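Colleague: Please put together the full structure from these sequences, using the hints given.
Residue numbers (the working numbering), protein chains in the order written: chain D, -1 to 144; chain U, -1 to 144.
The set of hints was computed from the structure by calculation and includes no laboratory data.
One should not assume that every hint holds.
[As the list claims (entries may be wrong)] The calculated DSS-like cross-link candidates involving lysine-lysine, where the alpha carbons are at most 25 Å apart (straight line), are:
no. : chain 1 : residue 1 : chain 2 : residue 2
1   : U       : Lys57     : U       : Lys136
2   : D       : Lys57     : D       : Lys8
3   : U       : Lys93     : D       : Lys57
4   : D       : Lys42     : D       : Lys57
5   : U       : Lys42     : D       : Lys93
6   : D       : Lys136    : D       : Lys93
These numbers were taken from a predicted model, which means no experiment stands behind them.
There are 2 protein chains.
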Amino acid sequence: MRDISQIITKFREAGLKVTPQRMSICHLLEDDHSHPSAEEIYRKALTIHPSISFTTVYKTLQTLRDLGEIQELNIDPERAHYDPDIRDHAHFFCKTCRSIIDLETDGFRRDSLARSFHDAEDLEIHHVQIHMVGLCEKCRDGDTAS
Amino acid sequence: MRDISQIITKFREAGLKVTPQRMSICHLLEDDHSHPSAEEIYRKALTIHPSISFTTVYKTLQTLRDLGEIQELNIDPERAHYDPDIRDHAHFFCKTCRSIIDLETDGFRRDSLARSFHDAEDLEIHHVQIHMVGLCEKCRDGDTAS
DNA sequence: GTTGGTGCAAATAGTTTGCACAGTT
DNA sequence: AACTGTGCAAACTATTTGCACCAAC
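Modeller: Rendered as structure tokens:
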């Protein structure tokens, strides 16, 4: 996700209005590397903008996703999570506490991975998600659920 | 997914009963490389076993997943898909027609990928999913939806 | 003033569960 | 006979939509 000022420009160029609700959500996401769900973003937004609705949060997240400013993660089968970091990186999902941890993908280039498959299969690949699923350090010790 | 005979043994060893419904679902999955959803498996099962319920299909899929005989794919945000092929391979998901295509991961070893992250982060990784999302050949030509 | 956004409430859809009866062992 | 599985119906949860009013442009 880029600077708020750049996002404002992009909104205006796309004929979208710059509203206080949208700006609040952008500010929240800018500082949040916890991969929150829509519900979590909504709860945080309420503290800034007490009358904001879940619908507005939901639609704003869709808008930001469609503009390519955030990525929607489908790593948790129960709900979508959102990541303002659109750079190449993999994610780890803990089955127990449902937390998501960033993993740097130094070892290989995700783009070239996508390109090689693209060449072979004649597919138009828009994005790649690499997901590791298991137990985080805390949950591994305290919980044996698989 | 292994031979039905091996799965029967595994069921009995786990104290699970071998029922006609479960066997029908195993036979359906054995030959199905289309990555069906629970609903699709249910509809196919109905043609073999007209009184089977969605609940039974759903619970059997969970059982097979928990036994490690199939993998549950969370590549489609709208529903889970199931894959009887538990070998290392990536998947492509078409946003338009919702089809899933297998991609062989010759270029790198998924296990070593997981292991390198594991060593670095102290996580217990149970499985890895590599997802490419975009448009398949057919939908790319006929549809410009992103 | 025009156009798109917000917020409410309701609808949708996939998933999951409680329970009584049936089938496997 | 004991115990798990099946099937029905209902509950649950995340997501999505219709619409009237409001705000940005």
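Colleague: Flag every earlier hint the structure violates by its number, smallest first.
Modeller: 1, 5
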